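Chain by chain, the residues run as shown.
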Amino acid sequence: MIHAFKNSGYNIILDENSGAVHVVDEAAFSLALVLKKKAEEDSSFHMEKDIPKDILVEVESENGALGKEDIEEAYSELFSLYEEKALFTEDTYKGAVDSFVHHPTVVKALCLHVAHDCNLNCRYCFAGQGEYHGARGLMDLETGKKALDFVCENSGSRKNIEIDFFGGEPLMNWGGVKELVHYGRSLEEKKDKHFRFTLTTNGVLVTDEVIEFCNREMDNVVLSLDGRPEVHDRMRPFRGGQNSFDTIFKNIKKFADSREALGKEYYVRGTYTRFNLDFSKDVLFLADQGFRQISVEPVVCDPTLEYAIRDEDIEKLSHEYDILAAEMKERIGKENEFNFYHFMIDLEGGPCVYKRLSGCGAGSEYLSVTPDGSLYPCHQFAGEEEFLLGNVRDGIEEKKLSLIDRFRSLNVYTKKECSSCFCRYYCSGGCAANAYHANHDISLPYETGCVLQRKRVECAIMLKAAKCGL
Amino acid sequence: MKHVKTLNRNLTKSVENGGCGECRTVGNQSCEKLSKKN
Numbered sequence: 001m002i003h004a005f006k007n008s009g010y011n012i013i014l015d016e017n018s019g020a021v022h023v024v025d026e027a028a029f030s031l032a033l034v035l036k037k038k039a040e041e042d043s044s045f046h047m048e049k050d051i052p053k054d055i056l057v058e059v060e061s062e063n064g065a066l067g068k069e070d071i072e073e074a075y076s077e078l079f080s081l082y083e084e085k086a087l088f089t090e091d092t093y094k095g096a097v098d099s100f101v102h103h104p105t106v107v108k109a110l111c112l113h114v115a116h117d118c119n120l121n122c123r124y125c126f127a128g129q130g131e132y133h134g135a136r137g138l139m140d141l142e143t144g145k146k147a148l149d150f151v152c153e154n155s156g157s158r159k160n161i162e163i164d165f166f167g168g169e170p171l172m173n174w175g176g177v178k179e180l181v182h183y184g185r186s187l188e189e190k191k192d193k194h195f196r197f198t199l200t201t202n203g204v205l206v207t208d209e210v211i212e213f214c215n216r217e218m219d220n221v222v223l224s225l226d227g228r229p230e231v232h233d234r235m236r237p238f239r240g241g242q243n244s245f246d247t248i249f250k251n252i253k254k255f256a257d258s259r260e261a262l263g264k265e266y267y268v269r270g271t272y273t274r275f276n277l278d279f280s281k282d283v284l285f286l287a288d289q290g291f292r293q294i295s296v297e298p299v300v301c302d303p304t305l306e307y308a309i310r311d312e313d314i315e316k317l318s319h320e321y322d323i324l325a326a327e328m329k330e331r332i333g334k335e336n337e338f339n340f341y342h343f344m345i346d347l348e349g350g351p352c353v354y355k356r357l358s359g360c361g362a363g364s365e366y367l368s369v370t371p372d373g374s375l376y377p378c379h380q381f382a383g384e385e386e387f388l389l390g391n392v393r394d395g396i397e398e399k400k401l402s403l404i405d406r407f408r409s410l411n412v413y414t415k416k417e418c419s420s421c422f423c424r425y426y427c428s429g430g431c432a433a434n435a436y437h438a439n440h441d442i443s444l445p446y447e448t449g450c451v452l453q454r455k456r457v458e459c460a461i462m463l464k465a466a467k468c469g470l
Numbered sequence: 001m002k003h004v005k006t007l008n009r010n011l012t013k014s015v016e017n018g019g020c021g022e023c024r025t026v027g028n029q030s031c032e033k034l035s036k037k038n
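Protein chains in written order, with the numbering used here: chain A, 1 to 470; chain B, 1 to 38.
So here's chain A without its partners, still in its complex pose (with noise of 0.2 Å):
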């Protein structure tokens, strides 16, 4: 099937299946929106050398101001793709996908929350003040060099090993980071092994000396704010209910900035709620603090609280992100410019189908450790006592086995919502957490977060196309 959208003046067509991806004027969109038609409407649809009497007429009747001529000639060019197999491909890969999803599985990332504390008293977080609904509490070093051993345990051949510092705040736990990266640098060569630690915070602890030993250890960081002080603030204030904006503004600034000139990966990441549906301006606002790696992201809550994002609010948040695209497009090759997560995509180099159809990983290569050692299938899970699988020194459980079955089996073809979705290529069938937390079955993609997630994708295409002067 193919996908074919409008967007800041591009019109696109996604041949689902294959990944091309084409630019095309109204003639070739005219008839491709017919063509999607007929296509729907007919399972043994196969595109004809000339184009048939009726859907010329179609086009024709839709669209008066195309010449037949044109519309003729559009047509050739479509079915000429057609024949290349770049256009109504099908849809082949489920053997392959199934036999992949069952091979035995490595674990290649653990989430260390090396603090379930915290400094801020944000209104969202799903962590519950950093405590994720238990008691505060340090992870101590023993427990984090266990879960270094586990990984390398689990890791079969695996060389690279990722390692992310987690919270609650991590840095409320700064001297356990420090002593846990040394140890990890001392299993490497022992071990075979190479560690990527990341660090995500809150920027309140941030000092000079956090700064210098994480631009050595810390191959990426993700720095926590809003956008504007006003947004921030509201969402983000202190545990006293003081506003936070101006003690961790500037925190944040000089980390991504040393970050941005040793060419070091770094995220700016804040979250949008239903108090600011404008989020455009919160992105705007910390690209022209100079930030260059921005991620602005939609709340997941309980949807009866009064910031959580509702059905009425899709129209207006969908129109946000062509706000924030077609702002991205002027700024494309200017000294303003800057990468959005979520409209970044790779359309030559990116991932095979096997792991776009596999999903993210969570439950079976990745694993959130908390700091009693306790192993949980990702960090949204992180206190969920059902979804308890064991703990970093005597494993994974084996009556939880079957858990972490259920979590490696899911894909895209396990999920009846995806199969007709033209995204599935680039959510996987989206997040597990957050179909739980909204439909209490990590089998029931989360609807509001597909709704948006398809606006992204279709942003992102157009700014490919954008960036290659189309």
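Treat the hints as calculated values from the structure; they're not laboratory data.
Be careful, since some hints might not be right.
[Claimed, not checked] SDA-like cross-link-like pairs, simulated, lysine to any residue; straight-line CA separation at most 20 Å:
hint	chain 1	residue 1	chain 2	residue 2
1	A	LYS415	A	LEU444
2	A	LYS85	B	GLU16
3	A	LYS467	A	ILE345
4	A	LYS329	B	LEU7
5	B	LYS5	A	GLU348
If you're wondering where the values come from, they're calculated on a predicted model, not measured in any experiment.
Given the coordinates of chain A, work out where chain B should sit on it, guided by the hints.
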């Protein structure tokens, strides 16, 4: 072509060259192997 400009069958080609499992824990991820082979 006059009516169509093609921007990029990357998925089709990745069936043959993909599946090594070396990638990290989707749309914006890049694959070093496929970037070379595709």
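Hint-by-hint comparison with the structure:
no.: 1; hint: A:LYS415 - A:LEU444; verdict: holds (7 Å)
no.: 2; hint: A:LYS85 - B:GLU16; verdict: holds (16 Å)
no.: 3; hint: A:LYS467 - A:ILE345; verdict: holds (12 Å)
no.: 4; hint: A:LYS329 - B:LEU7; verdict: holds (16 Å)
no.: 5; hint: B:LYS5 - A:GLU348; verdict: holds (16 Å)
Violated hints for the displayed structure: none, as all numbered hints are satisfied.
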